[in-house]
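Number of protein chains: 2
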Amino acid sequence: MSNPLEKIKSAVRGLRAYTLSPERASVKLNQNESPWDASEAIKRETLRRMGGRAWNRYPDFVPAALHEKLAAFAGWKSEGVLAGNGSNELIQALLMVTVGEGRRVLISEPTFALYRQVATVLGGEVLSVPLDAGLQFDVAALLDSIRTNDPDVTIICSPNNPTGCRMSDGALETLLAAARGLVVVDEAYFEFSGETVVPLLERHPNLAVFRTFSKAMALAALRVGYLLAAPELAREVGKALLPYNLNAFSQTAAEVSVEMYDGELAPVVRHIVAERERLFEELRRVPGLAPVASRANFMVVRSTVEPKRVFDELLRRDILIRDVSGYPMLADYFRVSVGTPRENDLLIAGLKEILG
Amino acid sequence: MSNPLEKIKSAVRGLRAYTLSPERASVKLNQNESPWDASEAIKRETLRRMGGRAWNRYPDFVPAALHEKLAAFAGWKSEGVLAGNGSNELIQALLMVTVGEGRRVLISEPTFALYRQVATVLGGEVLSVPLDAGLQFDVAALLDSIRTNDPDVTIICSPNNPTGCRMSDGALETLLAAARGLVVVDEAYFEFSGETVVPLLERHPNLAVFRTFSKAMALAALRVGYLLAAPELAREVGKALLPYNLNAFSQTAAEVSVEMYDGELAPVVRHIVAERERLFEELRRVPGLAPVASRANFMVVRSTVEPKRVFDELLRRDILIRDVSGYPMLADYFRVSVGTPRENDLLIAGLKEILG
Numbered sequence: 000m001s002n003p004l005e006k007i008k009s010a011v012r013g014l015r016a017y018t019l020s021p022e023r024a025s026v027k028l029n030q031n032e033s034p035w036d037a038s039e040a041i042k043r044e045t046l047r048r049m050g051g052r053a054w055n056r057y058p059d060f061v062p063a064a065l066h067e068k069l070a071a072f073a074g075w076k077s078e079g080v081l082a083g084n085g086s087n088e089l090i091q092a093l094l095m096v097t098v099g100e101g102r103r104v105l106i107s108e109p110t111f112a113l114y115r116q117v118a119t120v121l122g123g124e125v126l127s128v129p130l131d132a133g134l135q136f137d138v139a140a141l142l143d144s145i146r147t148n149d150p151d152v153t154i155i156c157s158p159n160n161p162t163g164c165r166m167s168d169g170a171l172e173t174l175l176a177a178a179r180g181l182v183v184v185d186e187a188y189f190e191f192s193g194e195t196v197v198p199l200l201e202r203h204p205n206l207a208v209f210r211t212f213s214k215a216m217a218l219a220a221l222r223v224g225y226l227l228a229a230p231e232l233a234r235e236v237g238k239a240l241l242p243y244n245l246n247a248f249s250q251t252a253a254e255v256s257v258e259m260y261d262g263e264l265a266p267v268v269r270h271i272v273a274e275r276e277r278l279f280e281e282l283r284r285v286p287g288l289a290p291v292a293s294r295a296n297f298m299v300v301r302s303t304v305e306p307k308r309v310f311d312e313l314l315r316r317d318i319l320i321r322d323v324s325g326y327p328m329l330a331d332y333f334r335v336s337v338g339t340p341r342e343n344d345l346l347i348a349g350l351k352e353i354l355g
Numbered sequence: 000m001s002n003p004l005e006k007i008k009s010a011v012r013g014l015r016a017y018t019l020s021p022e023r024a025s026v027k028l029n030q031n032e033s034p035w036d037a038s039e040a041i042k043r044e045t046l047r048r049m050g051g052r053a054w055n056r057y058p059d060f061v062p063a064a065l066h067e068k069l070a071a072f073a074g075w076k077s078e079g080v081l082a083g084n085g086s087n088e089l090i091q092a093l094l095m096v097t098v099g100e101g102r103r104v105l106i107s108e109p110t111f112a113l114y115r116q117v118a119t120v121l122g123g124e125v126l127s128v129p130l131d132a133g134l135q136f137d138v139a140a141l142l143d144s145i146r147t148n149d150p151d152v153t154i155i156c157s158p159n160n161p162t163g164c165r166m167s168d169g170a171l172e173t174l175l176a177a178a179r180g181l182v183v184v185d186e187a188y189f190e191f192s193g194e195t196v197v198p199l200l201e202r203h204p205n206l207a208v209f210r211t212f213s214k215a216m217a218l219a220a221l222r223v224g225y226l227l228a229a230p231e232l233a234r235e236v237g238k239a240l241l242p243y244n245l246n247a248f249s250q251t252a253a254e255v256s257v258e259m260y261d262g263e264l265a266p267v268v269r270h271i272v273a274e275r276e277r278l279f280e281e282l283r284r285v286p287g288l289a290p291v292a293s294r295a296n297f298m299v300v301r302s303t304v305e306p307k308r309v310f311d312e313l314l315r316r317d318i319l320i321r322d323v324s325g326y327p328m329l330a331d332y333f334r335v336s337v338g339t340p341r342e343n344d345l346l347i348a349g350l351k352e353i354l355g
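Chains A and B, in that order, give the protein sequences. Going by numbering that gives the first Met the number 0, the first residue of the first sequence is number 0, and it counts up by one from there. Going by numbering that gives the first Met the number 0, the first residue of the second sequence is number 0, and it counts up by one from there.
Where hints are given, some of them may not hold.
Facing chain B, according to a computed beta carbon distance under 10 angstroms, are these residues of chain A, among others [stated by the list, open to error]:
| # | residue |
| --- | --- |
| 1 | 53 |
| 2 | 91 |
| 3 | 178 |
| 4 | 203 |
| 5 | 213 |
Keep in mind that the hints were calculated from the coordinates and are not lab data. Even glycine gets a Cβ: it sits at the ideal position worked out from N, Cα and C.
Kindly generate the complete structure, drawing on both the sequences and the hints.
Structure representation (C-alpha cells):
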C-alpha cells in the first residue's frame with residue numbers, strides 16, 4: 000500500500016498546522032474580544048427564540064431576515080449583504096472567487112495574518128507595502144503599488160489589527176479610484192473608531208466591506224461575520240459559500256444583537272473607547288513603554304523590556320496579552336486588548352512592576 | 000472605472016448560484032432531516048450550558064472535548080477526529096488539500112451533488128461510475144476505474160443519497176486495497192443502516208469517514224459534522240479549516256447529543272427505521288409506484304406519473320418531497336424522507352390519490 004499522505008498537495012504538507020498557544024489566564028487581553036459578555040437581555044432573548052425553534056430542521060437557505068436587519072443596521076441594501084460563519088469565512092470566499100495562480104493580492108503589513116495565508120494557499124502572489132515609520136498607512140506607497148502592479152485584490156484592515164491605525168475616507172477613495180481590482184476594507188473594529196466606509200459603497204462598485212460580531216458585538220463564541228458590497232459582487236462571492244453555512248443559533252443571536260444594539264451594546268462600546276483612552280494615557284506615563292494611539296479596542300505598545308519577557312511576566316500575574324514581536328516592524332512591541340476598568344488596572348500595575 | 004466583476008474567476012462567473020426552491024409545507028419530507036426535533040432533555044441541557052458560558056469569548060481553538068466524545072462514540076482515536084461546521088465543510092477541506100488541476104476524483108452517480116461541485120470548482124477532473132441497473136453500487140466497475148484511472152480521491156456515499164444503497168464492507172475493502180489514492184466514505188446516514196466502516200480505519204490509512212449531526216442526530220439547524228481518519232491524514236485536512244470554524248453553541252449541542260444518544264436518540268432511530276420499512280411496504284402496494292429498498296431515512300420511488308407532477312400534487316396537499324428526476328438514471332423517480340407515522344400516512348394517502 001502506498002502512503003496516502005502523498006495525495007496531499009505539497010504546498011499543504013509544507014504548511015505548519017495553525018495553532019494557538021494554549022495559555023489561559025483570568026485576565027484575557029490577547030484576542031481583542033469584548034471584555035464584557037453579551038448582556039443578559041440578549042442572551043435571554045436568543046435562548047428563548049432558540050428554545051421555541053425546531054433544531055432538527057436546516058437553517059434558512061439564505062438568512063434573509065438577518066440580511067435585512069444587517070442592511071438596516073449598516074445603511075446598505077439587503078441584496079448586497081452576505082452573512083457567514085465568522086468574517087474569516089467571507090474573506091476566504093472572496094479570495095476563492097478572485098485569487099489563483101497569477102493573481103496578485105496587495106496588503107499593508109503588519110496586519111491580520113489570515114489575508115496572506117489564504118491568498119498563498121490559493122496560489123496567489125502577495126504584494127506587501129509596509130506601514131510608515133509611525134505605524135500609519137503609507138497611502139502614497141499603496142497608490143504607487145496599485146498603479147505599478149495592478150493587484151486583483153487590495154485588502155485594507157481599517158482600523159488595522161494589530162496597530163490600530165485607520166485609513167481616512169479620502170485616502171481610501173484615491174485607492175478606489177486608482178484600482179482596477181477589488182478593494183476590500185476589513186472593518187472588524189469599526190465600532191470603536193466611530194467611522195465607517197459604508198457610505199462609499201454606493202459610488203464604488205469595486206469596494207467590499209467586511210464586519211464581524213466577534214468584537215464590539217460580543218459574540219466571538221458564535222462566529223458571525225458579514226460582507227457589504229454591490230449586489231452583483233455579493234452574489235459572486237456567495238457562490239464560494241457552502242449551503243447552510245450559518246447555523247440557526249448564531250443567526251438568531253446576531254439578529255437579537257442588532258435589534259438591541261442601541262440599548263445594550265452601544266453604551267458598552269463607548270465605555271471601551273473611554274477605557275482605551277485612559278489606558279493609553281496611563282501607559283504613556285510608564286517609563287520604558289510607548290503605546291501607539293489606536294482607533295480599535297486594542298493597542299500595540301513599544302517596550303524597552305523584551306516583549307516575550309513582558310508576556311511571560313504578565314502571565315505569571317494571571318494576565319494574558321499578545322506578543323506581536325514576530326510581526327514585521329513590531330520586534331519591540333506587544334499588543335493588549337482593552338479590558339474592563341479592573342482588568343486594565345491590573346495590567347497597568349503589572350507593567351509598572353515589570354518595567355520598574 | 001473598469002467593471003470589478005472582471006476580477007471574478009471565469010469558472011465562478013459561469014456557475015449558477017446554488018439555490019433551493021423556496022416551497023414550504025407542513026409535512027416536510029424533502030431534506031432527509033429527522034422528523035422529530037431534538038428532545039426536550041437535549042435542548043434544555045444545551046441551553047443551560049450555553050446560558051452559563053461567556054459568549055464574548057472565542058470558542059476552543061480545537062474543540063478537544065467534543066473530539067474526545069466523538070472518538071468514544073465512534074470507536075476511534077481522538078487525534079483522528081475533526082469536527083466542522085457541517086460535514087460539507089469537511090468534505091470541502093479534504094478536497095481542498097488534495098484536488099487541483101490534473102487531479103482526478105472518482106464518484107458513483109447518482110449521488111450527493113456537492114462532491115462533483117466542489118471537485119469541479121477546485122479544478123479537478125470528475126470520473127463517474129454509474130450505479131447498476133438495480134441502483135446498487137457497481138463494485139466491479141468502480142474497481143476497474145480505480146485500476147485504470149488511478150483517482151486521487153474516491154468518494155462513496157454509503158448509504159447513498161439519494162438511492163439508499165450501502166456498499167458492503169467486503170466490497171469497500173477491495174476498493175481500499177486497490178486504490179493508491181484516498182477513499183472517502185460519507186456515512187451521513189449510517190445510523191439508519193446499523194452498520195459502519197469505522198472498524199476498517201485501523202487497517203486502511205487511506206480511508207476517511209464523514210458523518211453529520213444533521214440526520215439521525217436531529218441537529219440540522221446547528222451545522223455539525225465530523226471526520227474520522229488516521230491522525231496524520233486528519234491533521235493535513237485540518238490545515239484547510241479556518242480557525243474557530245465551529246461555534247460554541249453547536250459544539251455544546253453536539254456534546255450533549257452524544258452524551259444522551261443511547262437514551263434520547265437511539266430509540267428515535269429505531270422508530271424511523273421501522274417507519275421506513277412500513278412506508279416501503281405500503282408504497283409497494285400502490286399501483287404505479289416502485290419504491291427502492293433503502294438503508295437510510297429516505298427512499299427513491301419509481302413512478303408512472305411524472306415526478307414533477309407528483310411533487311406538485313403533493314405540494315397542493317401541503318406535503319413537500321424531492322423531485323430527483325434531474326439526477327442521472329432517476330428520470331422516473333422522486334425521493335421521500337421518512338417522516339413521523341402521521342406524516343407517512345398523509346404521504347401514502349396523497350400518493351394513492353395521485354396515482355389512482
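(message) Tell me the hint numbers this structure goes against, listed in increasing order.
(response) none
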